[in-house]
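**Student:** Chains as they are written, first to last, in my numbering: chain A, 23 to 295; chain B, 8 to 367.
Just so you know, the hints here were simulated from the structure itself, not pulled from any lab data.
The beta carbon of each residue, even a glycine, is placed where N, CA and C say it ideally should be.
Some hints could be false.
Okay, the calculated bits of chain B under chain A, using three or more residues with CB under 8 angstroms as the criterion [what the hints assert, rightly or not]:
no.: 1; region: 12-20
no.: 2; region: 52-65
no.: 3; region: 75-85
no.: 4; region: 93-99
no.: 5; region: 214-224
Pairs of lysine-lysine, DSBU-like flavour, derived with a Cα cap of 30 angstroms [as the list claims (entries may be wrong)]:
no.: 6; chain 1: B; residue 1: Lys53; chain 2: A; residue 2: Lys41
no.: 7; chain 1: A; residue 1: Lys228; chain 2: B; residue 2: Lys195
no.: 8; chain 1: A; residue 1: Lys262; chain 2: A; residue 2: Lys234
no.: 9; chain 1: A; residue 1: Lys75; chain 2: B; residue 2: Lys53
no.: 10; chain 1: A; residue 1: Lys75; chain 2: B; residue 2: Lys195
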Amino acid sequence: MSDIQVPTNGMEVVWEKPKSLSETRMHYCPGCGHGVVHKVLMETIDDLGIQDKTIGVAPVGCSVISYNYMNIDMQEAAHGRATAVATGIKRVLPDRLVFTYQGDGDLAAIGTAETIHACNRGENFLIIFINNAIYGMTGGQMAPTSLLGMVTSTTPEGRQVETQGFPIKITEMVATLPGTYYITRQSVHNPTAVRHLKKAVEKAFKYQQDKKGTCLIEVVSNCPSGWKMNPLEANQWLEKNMFPMFPPGDIKVEGKLIEKKQITMPEQKETKI
Amino acid sequence: MSEIRLMKGNEAVAEAAIRAGCDAYFGYPITPQSEIIEYLSDQGRKRGMIVMQVESEVAAINMIYGAAGAGARAMTTSSSPGMSLMQEGISYIACAELPCLLMNVNRGGPGLGTIQPSQGDYFQSVKGGGHGDYHLIVLAPASVQEMADFVYLGFDLADKYRNPVLILTDGALGQMMEKVIFPEYDPKAHKPPKPWATVGKSSNRSPNVITSLHLHSDEMENINIRLQEKYRKIEANEVRYELMNTEDADVIMVAYGLTARICQRVIELAKQTGIKIGLMRPISLYPYPFDIIAKLSEQVGGFFVVEMNAGQMIEDVRLGVNGKVPVGFYGRMGGVIPTAEEILHSLQLFMKSIAMKEKV
Numbered sequence: 023m024s025d026i027q028v029p030t031n032g033m034e035v036v037w038e039k040p041k042s043l044s045e046t047r048m049h050y051c052p053g054c055g056h057g058v059v060h061k062v063l064m065e066t067i068d069d070l071g072i073q074d075k076t077i078g079v080a081p082v083g084c085s086v087i088s089y090n091y092m093n094i095d096m097q098e099a100a101h102g103r104a105t106a107v108a109t110g111i112k113r114v115l116p117d118r119l120v121f122t123y124q125g126d127g128d129l130a131a132i133g134t135a136e137t138i139h140a141c142n143r144g145e146n147f148l149i150i151f152i153n154n155a156i157y158g159m160t161g162g163q164m165a166p167t168s169l170l171g172m173v174t175s176t177t178p179e180g181r182q183v184e185t186q187g188f189p190i191k192i193t194e195m196v197a198t199l200p201g202t203y204y205i206t207r208q209s210v211h212n213p214t215a216v217r218h219l220k221k222a223v224e225k226a227f228k229y230q231q232d233k234k235g236t237c238l239i240e241v242v243s244n245c246p247s248g249w250k251m252n253p254l255e256a257n258q259w260l261e262k263n264m265f266p267m268f269p270p271g272d273i274k275v276e277g278k279l280i281e282k283k284q285i286t287m288p289e290q291k292e293t294k295i
Numbered sequence: 008m009s010e011i012r013l014m015k016g017n018e019a020v021a022e023a024a025i026r027a028g029c030d031a032y033f034g035y036p037i038t039p040q041s042e043i044i045e046y047l048s049d050q051g052r053k054r055g056m057i058v059m060q061v062e063s064e065v066a067a068i069n070m071i072y073g074a075a076g077a078g079a080r081a082m083t084t085s086s087s088p089g090m091s092l093m094q095e096g097i098s099y100i101a102c103a104e105l106p107c108l109l110m111n112v113n114r115g116g117p118g119l120g121t122i123q124p125s126q127g128d129y130f131q132s133v134k135g136g137g138h139g140d141y142h143l144i145v146l147a148p149a150s151v152q153e154m155a156d157f158v159y160l161g162f163d164l165a166d167k168y169r170n171p172v173l174i175l176t177d178g179a180l181g182q183m184m185e186k187v188i189f190p191e192y193d194p195k196a197h198k199p200p201k202p203w204a205t206v207g208k209s210s211n212r213s214p215n216v217i218t219s220l221h222l223h224s225d226e227m228e229n230i231n232i233r234l235q236e237k238y239r240k241i242e243a244n245e246v247r248y249e250l251m252n253t254e255d256a257d258v259i260m261v262a263y264g265l266t267a268r269i270c271q272r273v274i275e276l277a278k279q280t281g282i283k284i285g286l287m288r289p290i291s292l293y294p295y296p297f298d299i300i301a302k303l304s305e306q307v308g309g310f311f312v313v314e315m316n317a318g319q320m321i322e323d324v325r326l327g328v329n330g331k332v333p334v335g336f337y338g339r340m341g342g343v344i345p346t347a348e349e350i351l352h353s354l355q356l357f358m359k360s361i362a363m364k365e366k367v
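Chain A with its partners taken away, still in its complex shape (with noise of 0.2 angstroms):
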């Protein structure tokens, strides 16, 4: 990994990475949310000064590695277990920061059960879930959230509700949970969104300061490698395709349901990619 390095040619200088953000280069494909969520945390740990007392847990998949972008202290954590390694650390350092960075099979597939417990005994750490319906780093297989009729390498005739169930809602599910405090969805598409998203980055933060319990964004992002597009292509399929299964907006807010109309499933479709 080669350092980055900008000669500024004697100009003034009127922006930067944020200093929580190290030189290191990303390893991420060309035009993966992955990188912009990085920044958004990233800069927001700048803004807040929280630097010297946050702790991030990354378990597998394509953001294993993410300890080599974010200058904080992080541990790695096997497949789905990122909430019990938070849990044992927050409890052992109260007052620290704690968030978890993890991806759709991550969470909601083999950790679906320390996701659900973490929230449910309303664990005060920050769980940042990466949404991108597909397993990125294993090849493009299919995903939990994986929509119905979406082509992946596990599921070449398109994702079946009779083979492979349902995509999996677990934001809405744990937001169900009297633990969790601030639940919302978010994604990094557009330069709205990822300003949305640095506002809600803000806020679970501030909730985790002021102890108020579990807060998880989900970031409904692409995977043009997996999804096998361009990156132009991957987001406007993640805005037609993604979003009538996992909306964007806020779910829970200080620790009470958004009452939002009836999310129906979708029926059976083409959504190959």
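Using the hints, position chain B against chain A.
**Tutor:** Showing chain B alone in chain A's frame:
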């Protein structure tokens, strides 16, 4: 000040954990060791420990990972099926070199098995259990006193080597009541600084990262080389065992934990029949006392291994003996505790077979 109490083995472990300055216990109840989490939920919490009953053994071991990584003295306990669930996390902890204390109150298996005492988890405890090349330091108590003593020793060894320590005991020792003396122990004097812990990055250092991921093979090999070097140090410095009546013994029994207690009775019974029997009791099952077995092989007619399993530690005894003398075995399985009389009977048959071979 030291204190004398009459306690169950499981309770003695819990009381020792509090006195050893254990900061956090995460666990899941399972017979025959649930008294530990019950005792700590009362006494531990009252005396400042973090004690949590969590959703599964998988979660518990990963909470230990997080807490140990954050610099705490962390501990969990379980029994056989629960320990199997923890193996994933133990492998990660071993690679990340996090100090912590684990205890397996072994019950009969495989599978759900029985709640009766067993030593069927020897292989899992000593030879691995999780994936990869790693070792736990494994201590085998044979009394309620040692159940308590090994908690202090276990935490100290864990901190010294940055390695998980496992106390391997069984349902009988966990449930048995005996006198136990709690020594004076100042946790503050025993807790080393942990500059590697993830406690929040101060401005004068680079981030601390706790991980078992090393994507490049040469880097991963270097981690393994470092771990193996540590294991060689542990093997050189931490072998523990006890010898009884071995000086002029014709045959030496080898047994640990509960079976070693029973073998002490076998020595007495054997004396009455005029047979000279000794006992070598391994206290550390890893590192294993191979050297003393090799040395004793020069002076005895054979070794007789007694275990509450189908014969697991016998493989290590054979390694130490290295073919020099015969090695016999008596074992009961599935939670059955052998009697001194049946062990002696089997031992006598073994000695007869040695004598027959010598005649031939």
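**Student:** Give a verdict on every hint.
**Tutor:** Going down the list of hints, with the structure as the test:
1. 12-20: This one is violated; 0 residues, fewer than the three required, reach chain A with a Cβ under 8 angstroms.
2. 52-65: That given contact holds, which follows from 6 residues of the region 52-65 of chain B lying within Cβ reach (below 8 angstroms) of chain A.
3. 75-85: holds (count 6)
4. 93-99: holds (count 3)
5. 214-224: Three-residue rule met by the region 214-224 of chain B, so holds; n is 8.
6. B:Lys53 x A:Lys41: Violated. Lysine 53 of chain B to lysine 41 of chain A sits at ~42 angstroms, over the 30 angstroms cutoff.
7. A:Lys228 x B:Lys195: Violated, at about 34 angstroms.
8. A:Lys262 x A:Lys234: Since the Cα atoms of lysine 262 of chain A and lysine 234 of chain A sit roughly 35 angstroms apart, the hinted pair is violated (cutoff 30 angstroms).
9. A:Lys75 x B:Lys53: Answer holds: lysine 75 of chain A to lysine 53 of chain B is near 28 angstroms, not above 30 angstroms.
10. A:Lys75 x B:Lys195: Holds. Lysine 75 of chain A to lysine 195 of chain B sits at ~24 angstroms (cutoff 30 angstroms).
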